[in-house]
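Student: So the sequences go chain by chain: A and B.
The first sequence begins at 29 in our numbering and counts up one residue at a time.
The second sequence begins at 19 in our numbering and counts up one residue at a time.
Take these hints with a grain of salt, some might be off.
As the list claims (entries may be wrong) - Restraint ranges, calculated between C-beta atoms of paired labels, are given here: (1) L138/A - E422/B: 49 to 55 Å; (2) F164/A - Q386/B: 52 to 58 Å; (3) T421/B - L256/A: 55 to 61 Å; (4) K71/B - L138/A: 29 to 35 Å; (5) D113/B - Y163/A: 53 to 59 Å; (6) D52/A - G100/B: 44 to 50 Å; (7) T421/B - P207/A: 34 to 40 Å; (8) Q157/B - V168/A: 37 to 43 Å; (9) K59/A - T76/B: 25 to 31 Å; (10) G302/B - Q249/A: 52 to 58 Å; (11) Y69/A - T49/B: 52 to 58 Å.
Source of the hints: derived by calculation from the structure; they are not laboratory data.
Treat the numbers as computed from the prediction; the structure is a model and nothing was measured.
All residues carry an ideal CB built from backbone N, CA and C; glycine is no exception.
Below are the chains, spelled out letter by letter.
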Amino acid sequence: MTVNPVKPTPVYKEEPFLKRLVLDFQKHKYKYLLILPIIIYLILFCYKPMYGLVIAFKNYRPTRGIWNSKWVGFMWFETFFNDPYFWRLLRNTFSISGLSILFGFPAPILLALLLNEVHNDKFKRTVQTITYMPYFISLVVTCSLLKIYTMENGLFPAIMEFFGGTRQNLLASPKYFYPIYILSDIWQGIGWNSIIYLAALSGIDQEQYEAAKIDGANRLQQVLHITLPGLMPTITILFILRMGNILNVGYEKILLLYNPSTYEVADVLSTYTYRTGLENQQYSLSTAVGLFNTMVNVCFLLITNYISKKTTESGLF
Amino acid sequence: MKKLLTLALVLCMALTAVSGLAVELLSAGDTYPLNSDKTVTWYVQENMGPHEKFINWTESPFHTGLNKNLGVNVDWKFPTTGTTPAVFTNTLMADPDTLPNIMTGYFMDQANLLLEDEVIWDLTPYIQEYAPAYYAFLQTNPAYDKALKTDDGKYYAFGFFREDGGWNDTYLGPVVRKDWLDECGLAIPTTISEFENVIRVFNQKYGAKFSFAMSRFQYNGLAGAFGAYGTTNAGWSWFVKDGKVGLGQVQPEFRNYLSWLNMLWDEGLMDQDVITLDDTSIKGKIHNDQVGISVTSMGQMNNWNNERMAKGEEAVWVGIPYPKADDGSLSSVMGGFGIGSYTGVITKTADEETMKLCLQMLDYAYTQEGFLYFNYGTEGVSWTMGENGIPQFTELVTADTDTEPMRKYNAMTYGGTGIQATNLLYLKNAAPAIEANNTWFYNFEDEAQNLAVTGGWRWPVGVTFTVDEMDLINIYGGSIGTYVTESFQAFLTGTMDIDDDATWNKYLKDAETYNLSKILKIRQDCYDRYLAR
Chain A
29 MTVNPVKPTP VYKEEPFLKR LVLDFQKHKY KYLLILPIII YLILFCYKPM YGLVIAFKNY
89 RPTRGIWNSK WVGFMWFETF FNDPYFWRLL RNTFSISGLS ILFGFPAPIL LALLLNEVHN
149 DKFKRTVQTI TYMPYFISLV VTCSLLKIYT MENGLFPAIM EFFGGTRQNL LASPKYFYPI
209 YILSDIWQGI GWNSIIYLAA LSGIDQEQYE AAKIDGANRL QQVLHITLPG LMPTITILFI
269 LRMGNILNVG YEKILLLYNP STYEVADVLS TYTYRTGLEN QQYSLSTAVG LFNTMVNVCF
329 LLITNYISKK TTESGLF
Chain B
19 MKKLLTLALV LCMALTAVSG LAVELLSAGD TYPLNSDKTV TWYVQENMGP HEKFINWTES
79 PFHTGLNKNL GVNVDWKFPT TGTTPAVFTN TLMADPDTLP NIMTGYFMDQ ANLLLEDEVI
139 WDLTPYIQEY APAYYAFLQT NPAYDKALKT DDGKYYAFGF FREDGGWNDT YLGPVVRKDW
199 LDECGLAIPT TISEFENVIR VFNQKYGAKF SFAMSRFQYN GLAGAFGAYG TTNAGWSWFV
259 KDGKVGLGQV QPEFRNYLSW LNMLWDEGLM DQDVITLDDT SIKGKIHNDQ VGISVTSMGQ
319 MNNWNNERMA KGEEAVWVGI PYPKADDGSL SSVMGGFGIG SYTGVITKTA DEETMKLCLQ
379 MLDYAYTQEG FLYFNYGTEG VSWTMGENGI PQFTELVTAD TDTEPMRKYN AMTYGGTGIQ
439 ATNLLYLKNA APAIEANNTW FYNFEDEAQN LAVTGGWRWP VGVTFTVDEM DLINIYGGSI
499 GTYVTESFQA FLTGTMDIDD DATWNKYLKD AETYNLSKIL KIRQDCYDRY LAR
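Based on the provided sequences and hints, a complete structural model is requested.
Tutor: So, in structure tokens, the structure goes:
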């Protein structure tokens, strides 16, 4: 994967943009034809819906349509910022997302590195298959299982009691919500997410390892000085993309796992948007929250990208 | 107790006598089939959909049969499998130009908004002519007519009514294992102290705990014994007393109730899992002798007994009365007046001619013929008239081992646009479940006193907010529900100390940051207008 953008061919450089486009089009007709469906897709499904964002500044009523609804300025943003739950939503979203990145992001990298060191092919394939499998289990099923395992007489409390803890319903207690959420996330995604790293690993030149061996490097030194640097560009890009999603905590899993006892730690922006928009039909308010969400995400994306470019000289743009 | 049972029986018989009348009150309506060549789209949010055994409605005897009886080509629509029905309706509502012609869902709260925005038809000028049976039915009871109109007298919807006038609105309440009760030599508990004693004895003797699915307990729970209203569900806890609207969860009586629940929790008498239990997951505990006393619906109790019998065990679960305070007082039980908030409306995607046709179609369920069809299906196929003049299901239904097989042929098992026959409930549920419903419903001999406890305290069905009020509720009312539900559990589990005055006062004070007074004011105005109708 190349990180630095390809430099434009110098021939066109002094021409105006339109002229360059025409020239380029004539030269690469079929490539433009190939990319056309994607451009149409982007316009239809990513850019056109953006028009709908204006309802965040209106009192949207479906019958009046987007244009004819009344302008209300920043009223919905004010409503949201004044909501007693605003700070809690923000705190919970950052906590869950932050913890997911802290523990969930390195996990597949670690798995890929470990798998890379395994030389028994049969064992390696078995492990890979087993770790992929949870990814294909529906979230509803996973969460139902979790609920049963965490009940007072369930599996996990029994284990905790064995090690001297007290037996209690884990999902009823706010302090266990994050561990349950993060660990099950890792369990479900570790195999699947390691695929991209394994692919990147196979791209590392084997000759480097041979050279290192001759120089007397042991396994750990090889990992630290060849494998990890080889993975770095992939890790960086995935990390920046992940940071751009910092406020996007999936609402499905939380909806399935939380209950009023754990709202305190589990209620996040996306569940709030779901409740206001789809359950209470407050389209404008939920759009405002969604827009706020996106703005914060974009900021994080830009900041991470900037830092990354400063320190490692690789970034998205 | 015996006296109460006799009373229940007498009242029950009286009820059947009354219900016989209700059917006769229904008029013949239009001549069906209507023989129209129009195609009408009809969306049903829940309850009236095809039985789970069918892939789609074209296999469903009820839906295909209704199309035939109406003589109209109905294109039925239902929420996509896997979606939350209410959310699916809301996504439909976001695009008024493509709505189905008839929509069945929960529209009463926003009726004024939908009328003002011309999403739905104002039926007032047409209803008498094109829905004569329904109009006549509404006139038989002033309460019906009042609930199904807006404040300024507009008709806009076809409602759901229970023939029993509210008996089955008290479809859930406390239940107990009769065999354990007998083994321990205990009488059926009638007061809250006796109720607590049963919990304690069962806990000592069997290690069992007081447990329930929160989805069942959340409405009114056992609040009545403490003079309180509502439990965790804020939507359920807007109550009316002496003409004043209040929120149950901020009353001092509610604090006593919560304090009692918290005591059970602290002493390990209440199952900690109640927070995450639902109807499915509680069964593991029910069938493993971990629960001896609970709160559930007649349908669930019926299932528990049936599942025991399937294993060759005895049916041991029976309904017991809602416990009263030790002085015999009771403020509230789950209940209503037999009017549902689930309604059918006609949208503006129907032109005037189609709208008139829709009126005639919806009217069918309120005619004598349609009433029978909506409750039992086709005569001679799924039911026959018994010797006593009461419909009976045929073997097609009684020998069918699928869950709730009558739902293949009828629509009124749970509710929809029509009138639910009380007899249908008798046919569907085993005797202990019917007895349980009697036990929960008949709390006082004095009829007026009883009605005040079952339905009288509730925020009435059919109250309509004005457009401005809806806007204000949208701005102010978003989070109060979450607040009280969450606080309830915090007090229950002891995260917040219910017995500490400072904590309680802070809880009351914080309710104001969630705009409690503003919302109460809006609701009071709205209620006053309803009374003035």
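Student: Run every hint past the structure and note whether it holds.
Tutor: Against the structure, the hints:
1. Taking 49 to 55 Å as the suggested C-beta distance range, the pair L138/A and E422/B conforms, at roughly 51 Å.
2. Range check, F164/A to Q386/B: about 54 Å between beta-carbon atoms, so the 52 to 58 Å window is met.
3. A hinted range of 55 to 61 Å for the beta carbons of T421/B and L256/A is consistent with their spacing of about 57 Å.
4. Taking the beta carbon of each, K71/B and L138/A are about 48 Å apart, not inside 29 to 35 Å as hinted.
5. Take D113/B and Y163/A: their Cβ atoms lie about 35 Å apart, and the range 53 to 59 Å is violated.
6. Separated by about 46 Å at the C-beta atoms, D52/A and G100/B satisfy the suggested range of 44 to 50 Å.
7. Between T421/B and P207/A, the C-beta spacing of about 38 Å keeps the proposed range 34 to 40 Å intact.
8. Range check, Q157/B to V168/A: Cβ separation about 47 Å, and the 37 to 43 Å hint is violated.
9. Between K59/A and T76/B the Cβ separation comes to about 49 Å, which falls outside the hinted range of 25 to 31 Å.
10. Roughly 54 Å separates the CB atoms of G302/B and Q249/A, a value that falls within the hinted 52 to 58 Å.
11. Distance hint for Y69/A and T49/B: a CB-CB separation of about 54 Å, consistent with the stated range 52 to 58 Å.
Checked against the numbered hints given earlier, the structure breaks hints 4, 5, 8, 9 and satisfies all the rest.
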